[in-house]
Amino acid sequence: MEEWIVFRVLSLVFTWPVLTAMVVGILLGILVGALPGLTATMGVALLIPLTIGMDPAPAILMLMAIYGAAIYGGSIPAILLHTPGTPAAAATALDGYPLALQGKAASTLCVVTLTSTIGGLISGFALLLLAPPLSVWALKFGPPEYFLLACFGLTALASLASGSMLKGLIAGAFGLLLGSVGVDIMTGFARYHFGLVVLIGGLPLIPVLIGLFALSEVLMISETAHDKKPSSLFVKGWGILSALSDIIKDKMNVLRSSIIGIIVGVLPGTGADIASWIAYGEARRFSKHPERFGKGAIGGVIASEVANNAATAATMVPALTLGIPGGAAAAVILGALLIQGLRPGRELFTVHAEMTYTVMVGFIFAKIFMGIIGLLIVPHMAHITRVPRGIVAPLVVALCVVGSFAIAYQMYDVWIMLIFGLLGYLMRKFGFPPAATVLGLILGPIAELGLRQSLVLGEGALLAYFFGRPISVVLMALIIISLLLPLIRRKRIGQSSEPGIGAIIE
Amino acid sequence: MKQKILLIPLVLLIALSLVAVGCPVPVDPVEPVPDPYPTRPITLIVSFAAGGGTDIGARLLVPHVEALLGQPITVINVTGGGGWVGWTRLATAAPDGYTIGYLNTPAIQVGYLNPELANPHNLESFSAIVNHVFDIGIIAVRADSPFMTMEELIDYAVQHPRKLSFTTTGAMGDDHLRLLAIEAAVPGAEFKAVHGRGAADSIALVLGGHTDILAINVGEVVGLARDGEVRVLAVSDLERSPFLPDVPTLYELGFGPIVNYSARGIGAPAGVPRHILEKLAEAFKRGMMHPEHVAAMEKVGLALKPILLDEYYQFLKDEEIMIKKLLGW
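Protein chains in written order, with the numbering used here: chain X, 1313 to 1818; chain V, 19 to 347.
There could be a bad hint or two in this list.
25 Å max Cα-Cα, derived PhoX-like pairs, lysine-lysine [as the list claims (entries may be wrong)]:
#1 X/LYS1741 - X/LYS1803
#2 X/LYS1452 - V/LYS335
#3 V/LYS342 - X/LYS1452
#4 X/LYS1561 - X/LYS1607
Per label pair, the in silico range of CB-to-CB distance [what the hints assert, rightly or not]:
#5 V/ALA161 - X/GLY1653: 23 to 29 Å
#6 X/VAL1785 - V/PRO90: 44 to 50 Å
#7 V/GLU270 - X/GLY1780: 38 to 44 Å
#8 X/ILE1800 - V/PRO138: 53 to 59 Å
#9 V/PRO90 - X/GLU1771: 50 to 56 Å
Over the 10 Å line for every Cβ pair with chain X, so calculated as not near, a few chain V residues [said to hold, decoys possible]:
#10 THR57
#11 ASP162
#12 HIS178
#13 ALA222
#14 LYS303
Just so you know, the hints here were simulated from the structure itself, not pulled from any lab data.
If you're wondering where the values come from, they're calculated on a predicted model, not measured in any experiment.
We put the CB at the ideal spot given by N, CA and C, even for glycine.
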């Protein structure tokens, strides 16, 4: 019986409609992901009308292939232009771009292609083999756990402050402040909206991200645009073998980042972007050379890309089993499932088991195809780094404006992008890391929601509420360890260049 | 002959400018020129993200309406501000029938009634065309909850005020309004309101055992109820939902006429000529009744409820009155 279903599913995957849907999804996904402003979620949503007339298996598989490939595609401009194509690629830019500046664009893209594939494959297997237990486990995360998880993510701020710890914390706190803009979830009170309707729902993340990362970088490189040198060195040649050896050397990082990606992906309400930040922070914490992070450490790129891709299929775990999407893109795919007349839940694994397993097995093959297609195309894009800065800079500006406008066809987003572009430029000039602000903006609202809900639920006995929950206690311990670790290390080694929290306390 | 054809846009232009300056349109008993509307593509604003409930409903409906109007309808998602970025765009668009949009109840009324937001618009900023979806609210608990009926739940809430947590999909959303309506109907019953960011959040909280009561809509609970994950105790309507025929209404349980739902339909800026509104209402209504659309919505568990023009406006107005009462504005 078991073997029968394996053969049956494989024969369903290897049919023309399914294979075509996969390849189309991969190509479109890479494209959508690589264009800033068009996120993975939007790419999936835009394609939904196309899937209405299709059979369920190829339809859902195409959408999942787009999602996975877009998360991968987002890293291409992040590395080449310091312009994250999707929010999930922001952490990739931190080390990917410096690597490109050192002339290693092609080999970094090769590493990214392989790590994205590995992360995606691990995620695909987790979905196929562990969906029911993982979804039960994910539900154990309640408001206190989300609050603490966000706090744990915020401890990564220490990894982003490359110069002064204090400036890193200020930039992070600024991000938290930005995250508080908009309607208060518990009372409906509108905060810091200055009478602007756009701000009532909170600051839109993508224009802020494009401004802080991409536009500010354009302003930075414009300072030296008059010399007609190409924007960076270009080292010819890239080898799959050398990329593979980079990855194998960092296998613990790959393993850790996949686990982080799957855990964060499975949780409803957090997705690939948060996974990549947490994995990046942990990679730095465990690294033997944390001082290299932010200046071109391949480990940072590996962590971010493994984790955000590992989150992709994982976000579908609670979506398929319970109808609770693990992230925004999964929510859209869930919508497509409903359009197909398929309700998430048990029936997907009983009545429609054939379709469900075809999708899950298909996703694994889609990841393999994505890796092959990626290796054939993407490293060649490194040639972009040979274009002189004077030409690249205006092109990126155009991309920033179009990307911000495309989110909702409104000028507000373009203005927000421009303001944050200027702000990001000034921040970098004065040594404040914009990445810390982005981290605060992403995690702030999640921490707030968790804390505010906990305060209502733990009414009268808050400490007992937090300490009576095992996962919550583990997370608290993790936070304390991660804050104290740099201090302890400092004591042991005596002198360290690592800027830890201790730098402030002293 | 050519001259005559040119007359049509001329007459139309004059008529439209007259409407625009607020003059009464001279009533011509015999309409000599049939209105060619629509002659170019129509933009449909969805105030929520692509792939959400409103967006999916819109994209499922639009093809059938396009076929009837003979012009393409472009769906654009203008998000933010709890929907009001899109609705502001709709309210301020040219009232020519070429910009229409989804109006979501109760978010739209809450957005202009909330004194905090000082919203310059209100219901009069819009023309009502036709309601599309009518999704009734429900009250449910996790399958292993000790509460088997609504009465047991309420009795407990009266005896133990602020003991049970009531999960809503957002402060001042329809599920929060339902909580307020129940508390108003049963003196002494008090719940801890836990607000989230949407149905997915609420479901995760209740299934995880973090909160006690799930308040979402029929379309969102049908699958969970069928899988036996939750027990639906009541629906907030005067009659039972065809999707949940065994679940009693709050009305039949003696809570009074509590009707609580999330609804969405098509509107336009105020001042769109009546005949264009009628043409759109007719096309959208026929599109909704298309067997393919009916089947698609049934699969999703969403009830179609076309309410036309003035009646739809009144429907939106009634909701406004109810919200004002419940939130004390």
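Structure-based check of all given hints:
no.	hint	result
1	X/LYS1741 - X/LYS1803	violated, 32 Å
2	X/LYS1452 - V/LYS335	violated, 42 Å
3	V/LYS342 - X/LYS1452	violated, 38 Å
4	X/LYS1561 - X/LYS1607	holds, 19 Å
5	V/ALA161 - X/GLY1653: 23 to 29 Å	holds, 25 Å
6	X/VAL1785 - V/PRO90: 44 to 50 Å	violated, 57 Å
7	V/GLU270 - X/GLY1780: 38 to 44 Å	holds, 40 Å
8	X/ILE1800 - V/PRO138: 53 to 59 Å	holds, 58 Å
9	V/PRO90 - X/GLU1771: 50 to 56 Å	holds, 54 Å
10	THR57	holds, 22 Å
11	ASP162	holds, 13 Å
12	HIS178	holds, 13 Å
13	ALA222	violated, 5 Å
14	LYS303	holds, 21 Å
The structure fails to meet hints 1, 2, 3, 6 and 13 from the earlier list, while all remaining hints are met.
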